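A.B. asks: Residue numbers (the numbering used here), protein chains in the order written: chain A, 1 to 115; chain B, 116 to 227.
Treat the hints with care, as some may be off.
[Unchecked claim] DSS-like cross-link-like pairs, simulated, lysine-lysine; straight-line CA separation at most 25 angstroms:
1) B:Lys169 - B:Lys186
2) B:Lys169 - A:Lys41
3) A:Lys55 - A:Lys66
4) B:Lys120 - A:Lys41
5) B:Lys171 - B:Lys186
6) B:Lys183 - B:Lys169
Honestly, the hints are just simulated from the structure, not real lab data. Remember, it's a predicted structure, so these values are computed and weren't measured experimentally.
In case you want the letters, here they are:
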Amino acid sequence: GAVVSQHPSWVICKSGTSVKIECRSLDFQATTMFWYRQFPKQSLMLMATSNEGSKATYEQGVEKDKFLINHASLTLSTLTVTSAHPEDSSFYICSASARGLGIQYFGAGTRLSVL
Amino acid sequence: DQQVKQNSPSLSVQEGRISILNCDYTNSMFDYFLWYKKYPAEGPTFLISISSIKDKNEDGRFTVFLNKSAKHLSLHIVPSQPGDSAVYFCASSGGGADGLTFGKGTHLIIQP
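If we strip away everything but chain A, and leave its shape as in the complex, we get (with noise of 0.2 angstroms):
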């Protein structure tokens, strides 16, 4: 299957840091980036839905100001998590699909934890 490569794998930072994530498809260009939470025993959320070269499209609740994406390639997103607290701590796992196809495949994820 394609691959998806996401990094940090871990990262530990103050409350009131900005962190930020990257995301990028490695062998296939993805028009659209998924950005996903999951906290302990839930299921993934999808946070934001990225197209390349357009603004991110926000799920309800979830902060546009807070939780900055930026999908400025075909193979690349961010999601930047600004002035982060405690209870941003979660793990956050993008995912890239390509053009028309419903599968999407994900990256390893990143575990932030905000002291």
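Starting from the known structure of chain A, arrange chain B on it as the hints suggest.
C.D. replies: Then chain B, alone, in the frame of chain A:
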């Protein structure tokens, strides 16, 4: 309100037997269904999918069945192997560039 439900948090199956994982959905607009396998602290790995125009899709040891009238799908793994032990997520979408709606997952344990 959960639109995708996996009612069994865990399932234990003997090696070599068939594993059957179930999933129910409520949204009639869903027309594409996927199963993912996930290990702790890793992203989900795509296993198999099915569109609403089909009622069965098979890939090696994995078969997905879709019953649209019952809004129910199932994943069959046969024969089950120790490496199949993981959490399995059912996911649904409206297809194309839609985000996925996931169930809460079923932890499959294959016993030797």
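A.B. asks: If a hint holds in the structure, say so; if it doesn't, say that too.
C.D. replies: Here's how the hints hold up against the structure:
With a CA separation close to 13 angstroms, the supplied pair B:Lys169 and B:Lys186 stays within the 25 angstroms bound. Taking the CA atoms of B:Lys169 and A:Lys41, the gap is near 32 angstroms; set against the 25 angstroms cutoff, the hint is violated. In summary, the hint linking A:Lys55 to A:Lys66 is supported, as the alpha carbons are separated by about 15 angstroms, within the 25 angstroms threshold. Restraint check for B:Lys120 and A:Lys41: the C-alpha separation of about 14 angstroms stays at or below 25 angstroms, so the hint holds.
Restraint check for B:Lys171 and B:Lys186: satisfied, since their Cα atoms lie roughly 14 angstroms apart, inside the 25 angstroms limit. For the hint linking B:Lys183 to B:Lys169, the alpha-carbon distance of about 9 angstroms falls within 25 angstroms, and the restraint holds.
Hint 2 alone, counting from the list given before, is not met by this structure.
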